[in-house]
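K.L.:
Going down the list, the protein sequences come from chains A, B, C, D, E and F. So the first sequence is numbered by the numbering used here: it starts at 116 and just counts up by one. So the second sequence is numbered by the numbering used here: it starts at 116 and just counts up by one. So the third sequence is numbered by the numbering used here: it starts at 6 and just counts up by one. So the fourth sequence is numbered by the numbering used here: it starts at 6 and just counts up by one. So the fifth sequence is numbered by the numbering used here: it starts at 5 and just counts up by one. So the sixth sequence is numbered by the numbering used here: it starts at 5 and just counts up by one.
Keep in mind that the hints are not guaranteed to be accurate.
What the hints assert, rightly or not - Derived pair list, reagent style DSSO-like, types lysine-lysine, alpha-carbon separation capped at 27 angstroms:
id: 1; chain 1: C; residue 1: LYS85; chain 2: C; residue 2: LYS46
id: 2; chain 1: C; residue 1: LYS46; chain 2: E; residue 2: LYS16
id: 3; chain 1: E; residue 1: LYS67; chain 2: C; residue 2: LYS85
id: 4; chain 1: C; residue 1: LYS30; chain 2: F; residue 2: LYS93
id: 5; chain 1: F; residue 1: LYS16; chain 2: D; residue 2: LYS71
id: 6; chain 1: E; residue 1: LYS67; chain 2: D; residue 2: LYS26
id: 7; chain 1: D; residue 1: LYS30; chain 2: E; residue 2: LYS93
id: 8; chain 1: B; residue 1: LYS117; chain 2: C; residue 2: LYS46
id: 9; chain 1: C; residue 1: LYS26; chain 2: F; residue 2: LYS72
id: 10; chain 1: B; residue 1: LYS177; chain 2: C; residue 2: LYS71
Hints are computed from structural coordinates only; laboratory data are not their basis.
Residue-level listing of the chains:
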Amino acid sequence: MKFAILVNEGPYNHQAADSAYRFTQAALEKGHEVFRVFFYYDGVYNANRLQEPQSDDRNVGKLWSELAEAHGLDLVVCVAAGLRRGIKEENLAPGFRISGLGQLIEAGIQADRLVTFGD
Amino acid sequence: MKFAILVNEGPYNHQAADSAYRFTQAALEKGHEVFRVFFYYDGVYNANRLQEPQSDDRNVGKLWSELAEAHGLDLVVCVAAGLRRGIKEENLAPGFRISGLGQLIEAGIQADRLVTFGD
Amino acid sequence: MLLHTVNKSPYERNCLDSCLKHAVKGAGILLYEDAVYAAIKGSTAAARVADATADHAVYVLEADLKARGMDAANVVDGVKVVDYGGFVDLCTEFSAVQAWL
Amino acid sequence: MLLHTVNKSPYERNCLDSCLKHAVKGAGILLYEDAVYAAIKGSTAAARVADATADHAVYVLEADLKARGMDAANVVDGVKVVDYGGFVDLCTEFSAVQAWL
Amino acid sequence: MEDETDVGVVKKFMYVNRKAPYGTIYALEVLEMVLISAAFDQDVHLAFLDDGLYQIKKGQDTKPLGMKNFSPTYRALEGYDIEKLYVEKESMEERGLTPEDFVVDVEVISRADMATLMDEMDVVLSA
Amino acid sequence: MEDETDVGVVKKFMYVNRKAPYGTIYALEVLEMVLISAAFDQDVHLAFLDDGLYQIKKGQDTKPLGMKNFSPTYRALEGYDIEKLYVEKESMEERGLTPEDFVVDVEVISRADMATLMDEMDVVLSA
């Protein structure tokens with residue numbers, strides 16, 4: 116099946132980002148296609164490449180970047196939500212791209228299921 | 116009276132940041148001293164200097180920077196919370212400084228009142 | 006005596022209810038942001054706020070009422086409408102401030 | 006038929022209650038993150054979840070139970086414990102997914 | 005945009021609004037999403053339940069907060085052919101609101117009908 | 005740090021924990037704040053009420069989530085002379101918990117006593 120994932124919250128403060136990551140990983144392991152992961156609202160902070168958690172903690176941004184690298188995932192950050200909060204090309208982590216909200220609607224149309232993780 | 120302000124949430128997503136700003140402004144207008152404004156949890160995102168909201172919207176980071184400039188406010192971003200989320204010297208807005216959580220405890224001790232804004 | 010602040014809708018979260026269970030007689034309660042909805046007559050939350058005025062000084066922030074299209078004239082009897090300056094004053098009048106987040 | 010997901014504590018927010026009022030007979034309900042507390046026997050929320058099992062297939066995410074020190078053996082009767090793979094399967098079995106945020 | 009919008013599929017989309025405006029940004033950013041969705045020729049539904057009803061309350065004046073009052077935008081939805089706006093009756097009554105309190109024309113439906121409507125959707129977006 | 009900590013004032017600080025761990029970061033970052041506060045020789049109180057009680061539940065195993073299990077740290081507080089930990093009885097009973105469920109020794113007090121204690125504080129920190 117074809118999944119689209121919507122991430123509404125930033126890393127660390129809410130488990131939503133971790134849950135979305137684990138779900139995406141599980142869907143891929145089951146052989147499903149993940150059409151797109153879209154980052155909206157505070158979710159855009161997942162793409163901040165300057166995240167530097169303590170050494171015994173996970174780096175949520177890096178987890179996404181690695182998953183994208185390994186599976187050719189399409190990680191899309193909403194341009195409007197990102198601009199407002201200051202997530203732009205200059206601080207974007209590897210594997211993410213910035214685009215419009217239309218990419219989310221398109222994902223909703225193209226995917227068989229859209230699954231939202233938020234607060 | 117001497118106030119300390121604690122900001123728990125980032126700009127835009129939660130009104131907490133706006134409420135803290137308006138409260139700080141009102142306290143200064145009343146002739147009170149604002150000993151320190153401390154940014155913790157997602158509150159550290161207030162200090163992201165890349166914020167670029169739509170032209171008809173307020174820029175929360177800029178409002179803080181301007182208030183600090185006008186009143187010599189001490190705006191302190193928690194170093195640990197900031198590192199985790201990727202708010203560092205390189206993307207810090209003017210008027211903010213990065214320091215440890217001890218600065219919050221000290222503010223609690225030195226100020227007559229500590230007022231918290233969060234989610 | 007504490008000033009308790011509540012900023013979440015009484016329908017969405019347990020903050021107001023928990024605050025009301027922990028505020029001692031004479032303590033102040035300020036409703037602001039989405040908590041202002043609790044102070045509007047005719048809503049199911051209004052009764053709780055009306056009851057609270059018997060033991061507490063209850064306040065609601067004017068700017069948050071206005072933003073949400075709520076008329077100050079429709080606020081539960083006994084609840085005082087304050088501006089941001091009034092919020093600051095309340096903080097000085099009570100001994101400390103507890104935010105129910 | 007929808008799969009409803011709830012990730013907030015039943016004590017803190019109205020998400021579970023609102024979900025239960027809107028899930029049609031036969032719809033699925035998955036409790037994860039802080040919502041797993043609702044599925045634990047002996048809590049005041051457990052009765053609502055137990056009632057829900059009459060009309061709905063109710064699931065709880067194992068990893069979130071474990072993280073919170075909650076024993077899968079203590080889960081309300083009729084609630085099925087699933088892992089992340091099971092969460093994915095549920096999404097495929099129901100027609101769409103609604104998150105109660 | 006052309007090839008994005010021309011996908012030949014029409015799905016039932018529902019935007020579920022359960023949160024009050026201003027306290028959090030969700031109401032505003034959902035509305036921005038709804039406006040974009042107009043370009044895709046999908047079957048769009050807006051549901052207002054729980055605190056979401058407050059989003060369309062008349063008389064909002066955000067000047068004292070220095071925030072943008074986006075409530076007039078709901079009136080612009082009609083121009084984008086987004087006309088299926090549903091308000092839940094029980095949520096309305098709990099809050100002491102009436103249909104006259106809203107900035108837009110809405111269809112007031114029962115909680116049971118809202119539940120049935122939700123269950124017919126292909127894509128449910130919530131925040 | 006010397007001149008920060010040597011302020012000659014001892015205030016009653018209370019850290020109010022009302023939220024569950026892991027779903028949000030507040031429990032962890034409050035704990036980091038409590039640890040730092042130990043250096044300031046203040047009169048520190050930790051209150052666990054509502055979902056905050058879940059923070060000190062025994063048997064937490066976060067490996068499947070890839071998150072840090074910080075519950076053992078509550079046991080380290082004693083070494084920092086932070087020993088005033090209060091759990092609210094009513095919150096405990098609503099959740100079907102007992103004093104044996106907690107990773108640390110706590111004093112279980114009634115809601116009325118919790119209210120009185122809170123009201124005696126000079127600084128209340130919550131998240």
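K.L.:
Taking the hints in turn, state whether each one holds.
P.N.:
Hints, verified against the model:
1. Distance check on the hinted pair: LYS85(C) and LYS46(C) sit about 14 angstroms apart at the alpha-carbon level, within 27 angstroms; holds.
2. Between LYS46(C) and LYS16(E), the direct Cα distance comes to roughly 37 angstroms. Violation of the 27 angstroms bound is thereby established for this hinted pair.
3. Proposed proximity of LYS67(E) and LYS85(C) is supported: the alpha carbons are some 21 angstroms apart, at most 27 angstroms.
4. Note on LYS30(C) and LYS93(F): the hinted pairing holds, with a Cα-Cα distance of about 21 angstroms set against a maximum of 27 angstroms.
5. Distance restraint check for LYS16(F) and LYS71(D): the Cα-Cα separation of roughly 35 angstroms exceeds the 27 angstroms cut-off, and the hinted pair is therefore not satisfied.
6. A distance of roughly 37 angstroms separates the Cα atoms of LYS67(E) and LYS26(D); the hinted pair therefore is violated under the 27 angstroms criterion.
7. At roughly 21 angstroms between alpha-carbon atoms, LYS30(D) and LYS93(E) fall within 27 angstroms of each other, so this suggested pair holds.
8. For the hint pairing LYS117(B) with LYS46(C), the CA-to-CA distance comes to about 36 angstroms; that exceeds 27 angstroms, so the pair is violated.
9. At most 27 angstroms may separate the alpha-carbon atoms for a hinted pair to count; LYS26(C) and LYS72(F) exceed this at roughly 33 angstroms.
10. For the given pair, LYS177(B) sits about 25 angstroms from LYS71(C) by alpha-carbon distance, which is consistent with the 27 angstroms threshold.
Going down the numbered hints, you'll see the structure goes against 2, 5, 6, 8 and 9, while the others check out.
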